[in-house]
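Given next are the chains, with one letter for each unit.
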Amino acid sequence: MRNRFLSAMLLSLFAVPAFAKLQVFACEPEWGALVQELAADKVDVSVATTAFQDVHQIDAKPSLIARVRKADLLVCTGAELEVGWLPQLIRQSGNNKVADGPGNFLAATQITTLEKPAQLDRAAGDVHPEGNPHFQLDPNRVLKIATGLAARLAQLDAANAATYQQRLADFTARWQAAIKRWESRAAPLKGRKILVQHVSWVYLNTWLGLEQIGALEPKPGVPPTSAHLSSLISTAKDENAYAIISAAYQDQKPAKWLSERTGVPVVVLPYTVGGDAGAKDLFGLFDSTIDKLLGAAK
Amino acid sequence: MTLEGLDISILGPAMLAGVIVLSTHVPLGRQVLARGIIFIDLAIAQIAAMGVIAAQFVGVDEHGVGVQIAAALAALAGAALLAWTDRRWPKMQEPFIGTLFVLAATGGLLLLANNPQGGEHLKDLLVGQILWVSYGQLIPAAILSAVLLVIIWLRQGRLAGVLFYALFALAITVSVQLVGVYLVFASLIVPALATSNLSGRRQLTAAYVVGGAGYAAGLVLSAVFDLPSGAMIVWTLAISALAAQLLPAVRDQRAQQVQ
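Heads up: the protein sequence lines correspond to chains G and W, in order.
Here the first sequence is numbered in this note's numbering, starting from 198 and rising by one per residue.
Here the second sequence is numbered in this note's numbering, starting from 513 and rising by one per residue.
Okay, chain G solo, but in the shape it has when bound (with noise of 0.2 Å):
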């Protein structure tokens, strides 16, 4: 009896990881929402970044080893958006799952991405080989890797694939309706002029036809000479900017600055999901994006 009592215990321990859940390590927070919204509960998601920090660089902790140690699938932006730290992370955590084959999804590899160099010549400026990889602001993408994302899921845990693929038609019904609802609403936007504070937002202004005429700090941790800032000034004024766009993450200062010396008005947009109150997910990241842009005109 009690034998049989400690081998039925036995069993149930090998027993437990087919009733385990998948887990999913999220590079940053807009993949940890996709994440959400087509598994819900189905997996466990831990998201390495928040969207105050600058997922270029971050500060290494034993967790974060321990985390993607622990993971079944990584879903990332890749594009070398995480080149700083995410391979040391898989290296170190050296978990071959997620390294590479169906437990390492990066989102750059279901989409085509802008600002690509046709070829990879090195004196043409800061050059991203695999392009522009801030490209979670443009909906249509989003519903590209969201697909992506589903058939991976649906590929790692087959007993969940209904549920993943019901979810994600559920959430492409609701997510083409709201690109109709924000695309209608943004539609005043179409041909404004813009000032940015870093070169990332391409893909929210060829989806809005927003028309970027400058950039504050073009070439990242480099400080902008005194003669870029002079001409961004006359720019501004010259050409009636309508925004200076900086993200949640960002110092302000620069911003702040120009918008001082031309009376455009800094709008702070959340950038990616957590970014704000109104940001707590994805829906909520583009309704607040487009509700800040507009708050602008007045």
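In the DMTMM-like style, the derived pairs of lysine to aspartate or glutamate whose C-alpha atoms are separated by at most 20 Å in a straight line are:
#, chain 1, residue 1, chain 2, residue 2
1, G, LYS218, G, ASP354
2, G, LYS267, G, ASP238
3, G, LYS390, G, GLU408
4, G, LYS489, G, ASP448
5, G, LYS218, W, GLU516
6, G, LYS434, G, GLU414
7, G, LYS239, G, ASP367
8, G, LYS267, W, ASP519
9, G, LYS489, G, GLU380
10, G, LYS267, W, GLU516
11, G, LYS313, G, GLU277
12, G, LYS294, W, GLU516
13, G, LYS477, G, ASP241
14, G, LYS387, G, GLU408
15, G, LYS267, W, ASP738
Hints were generated in silico from the structure; no laboratory data involved.
What you are looking at is a predicted structure, and each value in this text was computed from that prediction instead of being measured.
We have chain G; now place chain W onto it with these hints.
Just chain W now, with coordinates in the frame of chain G:
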């Protein structure tokens, strides 16, 4: 509080990196403190970083051994310059070091301003994070540290002029890439400071114990409280140094010196 990061395979390489850095920095730190030039490590690290940027400027590949050679050469050139100023104007050494530090830091910015490749990754090249250390990185660092230790041992700890500055430059160039500039500074200064009232072998042993305890406690606490490891270790090194003052062995010696 979380225990998931409390894993020897996560913290092990970091601890080993700490031991390697301490092995050379404890004896060098005594000299730095004795000479009163405590900011020399920051200056050398910044000069090495500027060497990397300059190498990039003339077309050396961002990855690979060329960068390491550029960093080491720049650090050695900076060390040679400082050895010369030390001989020429010994009373002015600290201001020279400070001036060299800001020149190297801003020189890098000036070089990057017109560098078409920009420099977002370059500037971080010499700023290591202790948790990202791999065994592959530790092997060359361990070999170089062993060579430096043999030289220090052969000279019985008495390092003069150019030899001191050259050894120091090489040790810093390696350690900054492993653990970052905050930990390099703390590893160099804090154990030496905590044991400044001891001398000879006793001081060396006590400084190693203070440093080792600081690294071990910092790694464990950063795992338990889920905090960045490098910053945590700087604080536990300081706490370890303070705790050492409670030991009679350290205190008695101090009392004797005061008398």
